[in-house]
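Chemist: Take a look at the letters that make up each chain.
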Amino acid sequence: MAETLLQVEDLNVHYGAIHAIKGISFHVQRGEIVTLIGANGAGKSTTLRAVSGLLRPSHGKIFFAGADITGLAPHKIVARGISQVPEGRRIFPEMTVLENLELGAYTRRDRAEIKRNLERIYGRFPRLKERSRQVAGTLSGGEQQMLAIGRCLMSEPELMLLDEPSMGLAPILVREIFSIIEEINDAGTTILLVEQNANMALSIANRAYVLETGTITLSGAAKELAHNERVKKAYLGA
Amino acid sequence: MEFLQQLINGLQLGSIYALIALGYTMVYGIVKLINFAHGDIYMIGAYIGFFAVGFMGPQFIPALILAMVGCAILGFIIERFAYRPLRGKPRIAALTTALGVSLLLENLVRKFIGPNYIAYPTLVKSTTIYIGGLQISNIKLIVLSVALIMMFGLQFIVLKTRTGKAMRAASQDLDAARLMGIDVNAVISYTFMIGSALAATAGILVGVAYPRIDPYMGILPGLKAFVAAVLGGIGSIPGAMVGGLVMGTAETMVLGFGKSTFRDAIAFTILIIVLLVKPTGIMGSKVNEKV
Ligand SMILES: Nc1ncnc2c1ncn2[C@@H]1O[C@H](COP(=O)(O)OP(=O)(O)OP(=O)(O)O)[C@@H](O)[C@H]1O
Ligand SMILES: [Mg+2]
Chain A
1 MAETLLQVED
11 LNVHYGAIHA
21 IKGISFHVQR
31 GEIVTLIGAN
41 GAGKSTTLRA
51 VSGLLRPSHG
61 KIFFAGADIT
71 GLAPHKIVAR
81 GISQVPEGRR
91 IFPEMTVLEN
101 LELGAYTRRD
111 RAEIKRNLER
121 IYGRFPRLKE
131 RSRQVAGTLS
141 GGEQQMLAIG
151 RCLMSEPELM
161 LLDEPSMGLA
171 PILVREIFSI
181 IEEINDAGTT
191 ILLVEQNANM
201 ALSIANRAYV
211 LETGTITLSG
221 AAKELAHNER
231 VKKAYLGA
Chain B
239 MEFLQQLING
249 LQLGSIYALI
259 ALGYTMVYGI
269 VKLINFAHGD
279 IYMIGAYIGF
289 FAVGFMGPQF
299 IPALILAMVG
309 CAILGFIIER
319 FAYRPLRGKP
329 RIAALTTALG
339 VSLLLENLVR
349 KFIGPNYIAY
359 PTLVKSTTIY
369 IGGLQISNIK
379 LIVLSVALIM
389 MFGLQFIVLK
399 TRTGKAMRAA
409 SQDLDAARLM
419 GIDVNAVISY
429 TFMIGSALAA
439 TAGILVGVAY
449 PRIDPYMGIL
459 PGLKAFVAAV
469 LGGIGSIPGA
479 MVGGLVMGTA
489 ETMVLGFGKS
499 TFRDAIAFTI
509 LIIVLLVKPT
519 GIMGSKVNEK
529 V
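As you go down the protein sequences, you meet chains A and B in turn.
Take 1 as the starting number for the first sequence in this note's numbering and just add one per residue.
Take 239 as the starting number for the second sequence in this note's numbering and just add one per residue.
One or more hints might be untrue.
As the list claims (entries may be wrong) - The calculated lysine-lysine pairs, modelled on DSSO-like cross-linking and capped at a C-alpha distance of 27 Å, are:
(1) A:Lys61 - B:Lys270
(2) B:Lys349 - B:Lys270
(3) B:Lys270 - A:Lys76
(4) A:Lys76 - B:Lys327
Unchecked claim - Covered stretches of chain A (chain B as the covering partner; in silico rule of three or more C-beta atoms under 8 Å from a C-beta of chain B):
(5) 69-80
(6) 87-96
(7) 101-107
Note that these hints are calculated values from the structure, not bench results.
Here the structure is a predicted model, which means the values were calculated and not measured.
Just so it is clear, CB atoms sit at the ideal spot from N, CA and C, and this is done for glycine as well.
Generate the whole structure from the sequences, applying the supplied hints.
Modeler: Laid out in structure tokens, this is it:
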């Protein structure tokens with residue numbers, strides 16, 4: 001039986017007077033890839049930022065692995081096993097690739113395990129290994145995205161939140177990133193993926209939610225949503 | 239020889255500015271606040287040293303440690319109760335609070351200890367050392383070496399330790415640091431504590447080198463150290479060190495060539511030139527200022 005890993009109930013988020021998220025509920029089962037699609041300004045990043053604890057919900061609850069994590073500080077949420085690759089990558093530009101990866105393991109204490117994990121990530125992203133002493137700000141956009149993903153994996157999250165990992169990348173790189181996300185999922189990490197590239201997102205996800213100006217308007221199996229007329233028209237450019 | 243002599247005097251003054259400048263730059267690097275009370279923390283450090291000597295006699299290292307610990311605690315308290323509640327609010331709120339804290343510290347000392355100069359006790363017996371044709375007082379050597387040890391220690395913390403890496407991460411991108419699992423509040427507390435301990439060191443060294451203190455002694459050095467931080471590139475730790483040394487040397491040279499009336503003007507001349515020519519300072523980070 002599938003276990004619910006993340007449960008969001010009636011989430012509301014305000015930016016001052018702006019009501020950005022207006023009572024959304026969704027869940028992610030352990031082992032799934034779930035995608036949240038929506039246009040610019042729909043509230044996708046806001047949702048992920050609330051799950052990570054960067055924003056405090058004005059109402060609603062967030063449960064992770066059965067425990068209420070609403071209002072916890074971000075570093076405590078990371079320690080519980082939720083890690084995020086934020087929109088725009090947000091690597092530390094003046095630090096080396098290696099230092100960025102080490103920071104990803106900030107909540108980890110077991111040095112031997114950190115080292116094993118680092119080798120695994122270098123195995124998956126050989127580019128990062130070649131450039132481990134290079135200052136991260138000088139990496140190309142694609143390399144920075146790999147670094148952001150690698151850095152996130154360094155905390156060995158149970159749930160990985162990805163905010164538009166395909167943003168600004170050439171189509172060939174987009175495919176590569178998406179196949180990496182699938183591999184990460186196959187290796188046992190649950191994934192909540194936010195995307196504007198609905199095509200790609202729906203092609204790898206199990207289930208999807210459509211977010212429109214702070215409200216979830218559609219949800220279902222990714223395959224079904226990919227054939228839904230409204231979704232096709234609004235997000236698949238059909 | 240005359241020039242070398244002046245250079246050493248300049249480096250002595252400069253290392254004191256550098257120690258103060260480090261606190262400005264580290265705090266600014268993370269919370270983007272110009273902590274105007276920082277010069278007063280340096281003043282408090284000098285006073286703690288003064289009273290420490292009163293209790294336990296003229297012992298340099300214990301007085302230094304007491305002042306550093308005392309100021310670290312003070313820095314922690316100021317951040318926790320004056321600045322943290324204003325985080326995320328418009329920057330002007332924290333800035334005016336910093337001015338308020340500055341006035342508060344000055345007036346507390348003025349009220350409870352007194353407004354006048356006090357002579358600083360002799361912590362180190364002065365002797366003269368001859369190196370080649372140079373005459374150097376041992377005090378200058380002590381000031382310079384203590385300052386250098388502190389700066390190396392700081393560089394070690396910042397570059398090599400887990401906390402130091404967290405500090406650097408937080409200064410580059412606060413939210414990304416949070417997403418790494420870094421407790422940003424703790425990092426900010428550490429930053430204030432370390433910066434305040436360095437200012438305390440400067441306070442003790444100044445008591446040793448220029449032996450008199452008063453409640454307002456932090457104002458001018460505080461401003462000059464701030465300019466030194468801007469000169470080096472606000473937010474940059476090596477920048478603050480270089481900026482402080484340059485500032486002290488420039489000031490001493492101006493003095494040495496008999497233009498003592500320009501002594502304090504030099505800092506502000508430097509500030510204006512930096513702002514006109516290279517606002518990011520000598521080692522300031524490139525174009526993008528992070529929020
Ligand atoms: N810091 C902020 N202050 C005020 N309003 C904000 C802030 N951040 C986001 N908003 C508003 O909240 C709404 C949702 O923004 P959000 O960034 O979550 O959208 P998004 O779905 O991630 O969009 P995009 O695809 O462009 O990244 C938008 O209307 C936006 O203008
Ligand atoms: Mg977004």
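Chemist: Can you list which hints this structure breaks, lowest number first?
Modeler: Numbers 1, 2, in rising order.
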